[in-house]
Every structure is written in C-alpha cells, then in structure tokens.
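Visitor: With these hints in hand, go ahead and build the complete structure from the sequences.
Chains as they are written, first to last, in the numbering used here: chain B, 1 to 103; chain V, 1 to 502.
Hints were generated in silico from the structure; no laboratory data involved. Predicted model only: the values in this text are computed from it and were never measured. Built from N, CA and C at the ideal position, the CB exists for glycine as well. One should not assume that every hint holds.
Stated by the list, open to error - Covered stretches of chain B (in silico footprint by chain V; criterion: 3 or more residues with CB under 8 Å from a CB of chain V, positions within the stretch not fixed): (1) 12 to 22; (2) 36 to 45; (3) 53 to 62.
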Amino acid sequence: MIHERNIKDYICGTLAPDIDPAMLSADIDLLSTGVIDSLSLVRLVIWIEEEYDIPIGDIEIAPEEFSSIEMINAFIERYTISDVARTKGVNNENEVELLTLTT
Amino acid sequence: MKLQLLLNSLGDSAIHFPNNAAIITDTISWDYKQFWSRIAQFESTLTKVALPDRVAVAVTGLKTVDTLALMLALGKQGHTPLAVSSSLRSTVKPMMYDTAGVYCELAAESDAGWPVINLVVPGKLQTDAVPSAYPADTCPLMLTTSGSTGIPKVVELSAEGIGAFFNWGAEYFHLTRDSRVLSYAPLNFDLSLLEIWTPLAKGATVILVDMARATQADYLQALISDSRPDLIQAIPMFYSILCPASDAYDWVMGGVRHVVFTGDTTPQKLRERVVTRFPQSIFHNVYGCTETNDSFAYSADAQAIVRDERLPLGSPINGVSYRIVTDEGVELDGVGEGELHTSTPFLAHGYTDPKLTAKVFYTEPGGYRTYYRTGDRVARNEHGQLTLVGRNDFIVKVRGVRTNPLDIEQVLARIPTVKNAVVIPVNDETDGVVLHAVVEPTQGQTLDGLTMRMFCAQHLPQTSIPRRFHLHESPLPTTSTGKPDRTTIALSIHNGVNLHDS
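Guide: In structure tokens, the structure reads:
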C-alpha cells in the first residue's frame, strides 16, 4: 500500500499520539475501536483533501471509506489515480496502473 | 410511538393535506398520504412478527422514514417503542432489555420498496422485569439515558407530557403546516421530540439529515441551503462541523428563522461563527433533560447571543417550576449556587426501574408537584439570572451524550495490566468535552493506547472511549482520603507534566 506509512504517521502523530504505529495494523477498524471519533474523522478528511489534493467536497463519501488504513489507502489511490489519468490524458487502465507505480 | 393524538393528527393530514411533505430525505420527499400508507404497510408486516399484546419493543437502525413508520405502526397496534442507539453494544442490550421488560428488538428496512422488519433480538417475555407502575397506555415512547452502572436507564415518557410538549414547541417556534424542521439528532435522543414528533403532530415537514454524512460540512451546508429549514436545533458539535473556523467559503443562510443551541454549553467563539452564517435568525439556548424535556429557554438576536461568555439558561418555560437546592439541602433564596431541580409539564413518568425513579424524582414537601433532581449545578446572580456551572456528579456530555467518567474508569480497571485509571474530561474550544484517560500500569507491565481502546470498544458506547490515553508510571496522585486527586491529574494533563502518551 503506497500511502500506508503516511496515513499511519498522521493518525499516530496527530489524532491518536498514544498509539504505537507498529501496533496499528492496516485492517483495524479505526471507527468502532475509537481510534478515530466523529470529530477526528472530520480532521482526517480535511487532511486527505490537503495532503493529496483530492476535492472531497465534490465526491460522495461515506464514513466506512475511512474505517481502516486499508480503506483510506484505497480511497486515496482511487482518486489520485483518476487525477493522474486526467492530467496526463490517459484512459487505458494498464497505463494508469503504470503511472501510479511510477509516481 | 403510541400516542393517539399524534396518530389522529397524521391521519387527518393524510386526508386533508395529502400532498404536503411530511418527511424529506436526500433522495425522496414523502407526503403525508404516502407516509400514512407506509405506516399501514409496516402495520401489516408486523403481523408476521407475532407480538404479544401491548409490549415494549426496542427499535434500532438508522433514522429513516421506515424506522419512523415502524415506530408509529407499533404504536397503532398498542406497543410502546423504545428508541435505541444502533451503536449500543450487544453485550449491554440483554441486561437493559431484561430490566426494562423489553420483549424484542426490531429494525425497519426497505427491500425494493417493500417494508421489511428485521428481528434483531428475538422475543422473550421478561418475567423477572419489574412491572411498570403506570398503565401501558400512558407511556407512548421510551428513551434511554446514561446510567451509573454503564447500562443505560430507560425513561418512560408520559402521554400527557408529550402532548403538552408538542403544544409548547409549536407555539414557541411558530410551527405551522408550512414549517420545515431539520432533524440532526439520533432518534434515541430526546431532541427528536422537537425535531421529528412535534412537526409531524402539527402537519409540518421534517428534513432528515443522512447520518452517514452528518460529519461533513459541505453536505450539511448544501442540505440547509437546498431544503431551507425554518428551525434548526442541535448540539454544539453540529455547529462546530457546520461552521468550521477555517471555512473559506463565504456562505450565509438568511431563511432559517430559529437556531437552537442545546444539549451542552455552546462556547462563545463557536456562537460568533454561527451568527455570521445566520445573521437574521433568532437564537435560542434551550436547557432540558430526557426526564423533564425542555425546561428553560433563552432567546436572543445575533448580537445578544454572542455577548455573554456563558449563555444564561433564560426563563423557565411556561408551566415550569424550579428549585435550587444548596449543598446543605435547603432551597436557595436569592444569589448563590446549588443543584437545579425542575418540575415541567413534560415530565416523564420515571425510569422502568422504580428504585432509580425514587432516587431522583420527588414530590415537593406539602405540595403536589413532582420535581426531578437534574444533577446540574446552577448559579443565580443578583438579577435573578441563572447560568449552568457544571454537574453535581461526574457526568459530562460528550458529543451530546451523557457520559459518566467513573463508568469508563471501572471498565479500564478490568484490564489485567491496569492498576489504576482516572478519566478526566477536558473542555476543548472546538470539540467540546474531550475525554483523557490517565492510566497507571500494574508494576512491570506494559500498556498501549490501542489495546485499551479496543477493550473500551467492547464494553462502552463509542462516545465513552477516551480520545487520549496517558501512561502514568508512578502511582496516581491521591487526596488525603485516598481518592484520586482529580484536580492535580487534570492540571497535569493541562500542563503535560509527569505524563507521557503511552
């Protein structure tokens, strides 16, 4: 997962500094375990918007999309891939994948 | 909701104003005729559940048209719905249902447009439950409120009280058939009486906020802009999300007539942000409890609502009587501080457990009015103005939910590697009350924030999971009587002294 480290650093550095990043596996449910509460979720979404330049205001989102590091990573990949595709004028799926790997 | 006047009113609206909007969601508008027939569909589906006569039935699930229709269908068939948070732990439910005499738990859904009722917790006649002291017909709705043992207390509302509340709410906030009311709070909150049940009883329109997007500022701003409510009532968290400090978009809502702050103290800085967005609204600070419903209201224009650092409680609502009782147990006469006791026309019967009722409800000496000890500490100044000082006990409101830090400490103490734990509520300018847990590990043991959170998540509501955990390697400071020295510990959190994050 490309963004796992960055997401984990933000969560354990800012939202829940009492959690050891090494213990926070990518599939833990962040919402039901209280690692992220509803107000922290707002901050997380703003951080993703700014850090990855994703116009979240224009996207239909649901809290479940941020329920684990895996899910957050998938969300970021989904929208940064389409950004890459848009800016580079690429439509072919394979080329998108290649571009993602090289960016 | 088993309230004949509400059911009659819905039926009347369906006949005489069939095309008026009853409920608006993001995707669909339900007029009164459609809503009334949806209730009938759920009534018909309920026959498959085979409920005994006149039982209490827990209803969970999202705040949807179907959930509301199910609650009304239950009422039409003589059952009393208990609105339960969908995040209530499954470990807590059986204990709560046993003591409250709840028969089963249902949830409403829709499958390709057809009503579906899910039996979440199967039916069980609670033979050990203490029978209610009131005739079933006089309790149309039950709500929950936090209990000192970690199991929510079940409050039995009264038919007379709810009816009186509908009339007060409609009159105070000028609700007519043309009014639109935004509903943000979950169904199990007493706020739903003003946001949902009052407008429906008066033929007005309810705008349901999609709970899945309730924390998105963009969504809330667009919803209010598009649906144009006349009345918005919410806890400070809602306004904090709706009007973020760093909002670059310069939006103003001119059409909202009433903006109500409730559920907790709304900080002055937050109020300043809200009035810039609603410059023409009338603002209200409304105080109440689940047991009494609204008791005090302070209403002011945009200029006046931001003037005071602490908002006054305002005047007692028509028909409300109150007493301030000092620490010595005598009624305060004049300036001073004490616990607020209220008697309102909307008073609940009590809890399903009469022992709990006897602890906090009493009839005034030599009088006939029943008072409720709110547990809230208030101060009265020389002008007779009341302000909320805090609690007489440890209870705080976290995101609108009454939370007892002692409950959380008891849960943390059950972790084998925890020797002592103290939970301190800290007031945050933006987020309201934030819970910090200060934990002393058993000697030689290690602890981490994730394990403690996961343990809390198994045994407590989500709002009770502390946001921050601090490890305290040395023994926690105590008072001369051996109790945790909460003042020193709170100061340590504030100063970051002798504490480090686990």
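Visitor: Three residues minimum, CB to CB under 8 Å: does the stretch 12 to 22 of chain B make the cut for coverage by chain V? Let me know.
Guide: This one holds; 5 residues, not fewer than the three required, reach chain V with a Cβ under 8 Å.
Visitor: How does the stretch 36 to 45 of chain B fare against chain V when you require at least three residues with a CB closer than 8 Å, holds or violated?
Guide: holds (count 7)
Visitor: Checking C-beta pairs, does the stretch 53 to 62 of chain B have three or more residues closer than 8 Å to chain V?
Guide: holds (count 4)
Hint check: no violations occur; every hint is consistent with the structure.
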